[in-house]
Amino acid sequence: MFKRFASLQWKAFFRSSSLGKSLAIKIIMIFFGIYMLACLVLMGVGLFFILEKTFPGVDPMLKVSSYFLYWILGELVFRYFMQKLPVIDIKPFLLMSIKKDSIVHYILGRSAFSFFNFLALFLFVPFGIVLLIKGYPALNVLVWLFVIACISQFINFLNFIINKSDKVLLGLLLVLITFYAVDYFQLYPIQEIFGNIFYQLYANPIWAIIPLVLAILTYAVNYRFLRNKLYLDSAVKEQVKEAETAELGWTKRFGSIAPFLQLDLKLIWRNKRTKTQVFMSLLMILYGLFFYSQDVYGSTSAIFAFVGIFITGIFMVNFGQFIPAWDSEYYTMLMAQNIPMRKYLDSKAGLIYVSIVVMFLLSIPYVYFGWQALAINFACAIYNLGVNVPVVLFFGSRNKKRIDLQKSALGNMQGASATQFLVILPLMVLPCLIYFLFDFFISFEVATAALAVLGLIGLAFRNKLLDKITSIYRSKKYGMIAGFSENN
Amino acid sequence: MITVQQLTKKYGNKEVLNIPHLEILKGQSFGLVGNNGAGKTTFFSLLLDLIQPTSGSIESNGILVSESEDWKTFTSSFIDESFLISYLTPEEYFYFIGELRGCNKADIDALLANFKDFFHDEILGQKKYLRDLSKGNQKKAGIVASFIGGPEVVILDEPFANLDPTTQIRLKAIIKDLADKKGVTVLVSSHDLIHVTEVCDRIVVLNKGEVVKDIQTSAETLHELESFFGGSAESKEILATSEEE
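The listed protein sequences correspond, in order, to chains A and B. Taken in order, the first sequence gives residues 1304 to 1791; the numbers are from this note's numbering. Taken in order, the second sequence gives residues 4 to 248; the numbers are from this note's numbering.
To be clear, the hints were calculated from the coordinates, so they are not data collected in a lab. Just so it is clear, CB atoms sit at the ideal spot from N, CA and C, and this is done for glycine as well. Check the hints yourself; a few may be wrong.
As the list claims (entries may be wrong) - Computed, partial: chain A to chain B, Cβ under 7 angstroms: (1) G1349; (2) H1408; (3) R1573; (4) M1636.
To be verified - With a straight-line cut-off of 20 angstroms between C-alpha atoms, the simulated SDA-like cross-links for lysine to any residue are: (5) B:K211 with B:I54; (6) B:K131 with A:A1549; (7) B:K138 with B:R173; (8) B:K29 with B:T76; (9) A:K1703 with B:N38; (10) B:K108 with A:F1557; (11) A:K1402 with A:I1560; (12) A:K1703 with A:A1785; (13) A:K1780 with B:I54; (14) B:K108 with A:G1786; (15) A:K1366 with A:L1448; (16) B:K13 with A:G1786; (17) B:K130 with A:W1572; (18) B:K13 with A:Y1526; (19) B:K17 with B:N38; (20) B:K130 with A:A1549; (21) B:K29 with B:Q55; (22) B:K131 with A:I1571; (23) B:K179 with B:K130; (24) A:K1555 with B:K108; (25) A:K1646 with B:D73; (26) B:K130 with A:I1571; (27) B:K130 with A:A1546; (28) A:K1779 with B:Q55; (29) A:K1780 with B:K138; (30) A:K1779 with B:D73.
With the hints as constraints, model all of the structure from the sequences given.
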């Protein structure tokens, strides 16, 4: 029985739409996956030496243990966003002559092999190997790795018990922040205490029994819960959230584009993938820290033009490049309805303008790293407004791939094609190149001004550009309709 | 109202529609019947300029639909669920369509009040998004949305499918009322011969993309249609393609 289930799973994976994509995307996704895993493995190898160097005299093992609490809490939060609960796939099995017990065991057992459970192992197995080479006792290290696997499973099953409850998420975040703050302000050495506790798992292999019991216990709880609720109207049912109606009356002041603007805001707020993108974009504002905090670049390096374009334009790239595919589910209706194409595009452009301005305002604190940072970000914001918005909309006319809004958010490549990778060149690389050339041959001031002036020129010709783009969208209408109605 | 001239649509070498001439008068309720793959949806899609004809043209109220977009102001339609915006509540959807067609909230509320019976308390005020409604209720919302803004031409593809019996009967009354009293040209396609004969003044039978019958509805029409489809149904079933989904 289990074999048959497994073969179904195999088919589901290899025949899934995300894998049936064009070859280029497959390769890029595989490459990205390997890259991520390689990063984890490298980190695992390097971890020991890094810890040894940064905390001389402290056993790296103890240091690693002290981060376990944050790892567990952090991974729970991470999984809340990323991991899909498996219960929905049960439906087709309910009618068949399969024992409910085996269905539940299959569903839970399958989740034990979820990708997420291996992330920690990819980090800690190389770390463990380094430990062995360094002469740590083999028994302890091996048992410790077993403990890691158990904790991963425990997190996995605990996540199902939490079952996407917003309240628990809030609690988790609160605990995480409180612990961190208490530690940071040295009110109470939480990290150290938990570090010692988790260190015991390594020092005394007998304690490994605890994570094992916890993993089995959470499995059992899940099993009991699912077994009793394996009915269409309880566990198997997809959760339907109560709809909230929104007036968004304030959009009225934008005049004739108001209805579309309202639609777009609802689109973003009520669908998982778009909503996640907004949060991700806001988080990306921190990306600048990565570069600004390093002295090697100086204060006027071309890398900062990239940072400026990136942080002020991240939403533009994420959201804009899939215009109009966001509306693909009902694109036929839009085309049969009394809608002027120009208004439709105006509203999309308006939304992106707002995002750029907001992201720029959020980036102002970078002035802490020197006035040049502010100047570059400002010039980049103008460049994004004037040049990149039309570019993004123009490339949008090449979108022919449908996006199902209800599908999950992260790692979802639906709607992506080679265009999405090509568009990076004019969007990001071109302004960096312009900046670099002016900066290299003339001066920082001229380079910054050049970006701003290009942006202003773009803004001045905004209407002409949008007219042109509108006519392109019109001429590609039939292809888009056909492409968007194709389920992939 | 609508004039079709030498209209053909080919996919590769396969001709899916070929209508040399067809005229639909204003205020007519026009029924289109045919088996799967007969070309019903293709014809409606051409009417709405959603696909391009291989040759020929369609004129609606004197406007070539593939040339100008002016027909959109007086034409509305419901073809399938892709006409719904899944993440809106029905009310928001109606208001949105209303704004596109120049109606304010009060107009829409007044219009919706007329459809209270039709909705059967399952559409409005449910605190549900359209995506969470049942197929039948989604369809109801889509059909009513196509009546917004006083259109002169209403195009409904398979409006009776998926509806419960009560709603089917109500919909028939609504369509008759639109055509007879308000002078709206209603184009309806259906697999259900009884519904079409009850609702439509005129019925056109499509088979493999060609008009094979063009009947003014009378007492004998249903019988005539039944014998037509019954007589050759088997052979047609085999030839039916999956083009129309």
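Now for the hints, and whether the structure bears them out:
Because the closest C-beta pair between G1349 of chain A and chain B is about 45 angstroms apart, greater than 7 angstroms, the hint is violated. The beta carbon of H1408 of chain A is not positioned within 7 angstroms of any beta carbon in chain B (closest approach about 31 angstroms), and the interface hint is therefore violated. Checking R1573 of chain A against chain B by beta carbon gives a least distance of about 4 angstroms; that is within 7 angstroms, so the hint holds. The criterion of a C-beta within 7 angstroms of any C-beta in chain B is met by M1636 of chain A, whose closest approach is roughly 4 angstroms, and the hint holds.
Only pairs whose Cα atoms come within 20 angstroms are accepted, and K211 of chain B paired with I54 of chain B is accepted, the gap being roughly 18 angstroms. Our distance criterion of 20 angstroms between C-alpha atoms is met by K131 of chain B and A1549 of chain A, whose separation comes to about 13 angstroms. Proximity of K138 of chain B to R173 of chain B is assessed by CA-CA distance (about 17 angstroms); at most 20 angstroms being required, the pair is judged to hold. The straight-line distance between the Cα atoms of K29 of chain B and T76 of chain B is roughly 16 angstroms, inside the 20 angstroms bound, and the hint therefore holds.
The hinted pair formed by K1703 of chain A and N38 of chain B fails the criterion: a straight-line CA distance of about 30 angstroms is larger than 20 angstroms. Between K108 of chain B and F1557 of chain A, the direct Cα distance comes to roughly 18 angstroms. Compliance with the 20 angstroms bound is thereby established for this hinted pair. Of the supplied pair hints, the one linking K1402 of chain A and I1560 of chain A is violated, its CA atoms being roughly 56 angstroms apart against a limit of 20 angstroms. The suggested pairing of K1703 of chain A with A1785 of chain A holds, with an alpha-carbon distance near 8 angstroms, which does not exceed 20 angstroms.
Taken as a hint, the K1780 of chain A and I54 of chain B pair is honoured in the structure, with Cα atoms around 9 angstroms apart against an allowance of 20 angstroms. In summary, the hint linking K108 of chain B to G1786 of chain A is not supported, as the alpha carbons are separated by about 34 angstroms, beyond the 20 angstroms threshold. For the proposed pair K1366 of chain A and L1448 of chain A, the alpha carbon gap of about 16 angstroms is at most 20 angstroms, so the pair holds. A hinted pair counts as satisfied when its Cα atoms are at most 20 angstroms apart, and K13 of chain B with G1786 of chain A qualifies at roughly 18 angstroms.
At roughly 16 angstroms between alpha-carbon atoms, K130 of chain B and W1572 of chain A fall within 20 angstroms of each other, so this suggested pair holds. As the CA atoms of K13 of chain B and Y1526 of chain A are separated by approximately 56 angstroms, the hinted pair breaks the 20 angstroms bound. Between K17 of chain B and N38 of chain B the alpha-carbon distance is near 17 angstroms, which keeps this suggested pair within the 20 angstroms criterion. For the given pair, K130 of chain B sits about 11 angstroms from A1549 of chain A by alpha-carbon distance, which is consistent with the 20 angstroms threshold.
At roughly 24 angstroms between alpha-carbon atoms, K29 of chain B and Q55 of chain B are farther apart than 20 angstroms, so this suggested pair is violated. Using a Cα cut-off of 20 angstroms, the hinted pair K131 of chain B and I1571 of chain A holds, with the two alpha carbons roughly 17 angstroms apart. This hinted pair does not check out: K179 of chain B and K130 of chain B have alpha carbons roughly 32 angstroms apart, beyond 20 angstroms. For the proposed pair K1555 of chain A and K108 of chain B, the alpha carbon gap of about 13 angstroms is at most 20 angstroms, so the pair holds.
A threshold of 20 angstroms between alpha carbons decides the hint, and for K1646 of chain A with D73 of chain B the separation of about 16 angstroms falls inside it, so the pair holds. Of the supplied pair hints, the one linking K130 of chain B and I1571 of chain A holds, its CA atoms being roughly 19 angstroms apart against a limit of 20 angstroms. For a cut-off of 20 angstroms, the pair hint linking K130 of chain B to A1546 of chain A stands: about 5 angstroms separates their Cα positions. Between K1779 of chain A and Q55 of chain B, the direct Cα distance comes to roughly 11 angstroms. Compliance with the 20 angstroms bound is thereby established for this hinted pair.
The hinted pair formed by K1780 of chain A and K138 of chain B fails the criterion: a straight-line CA distance of about 28 angstroms is larger than 20 angstroms. At most 20 angstroms may separate the alpha-carbon atoms for a hinted pair to count; K1779 of chain A and D73 of chain B meet this at roughly 19 angstroms.
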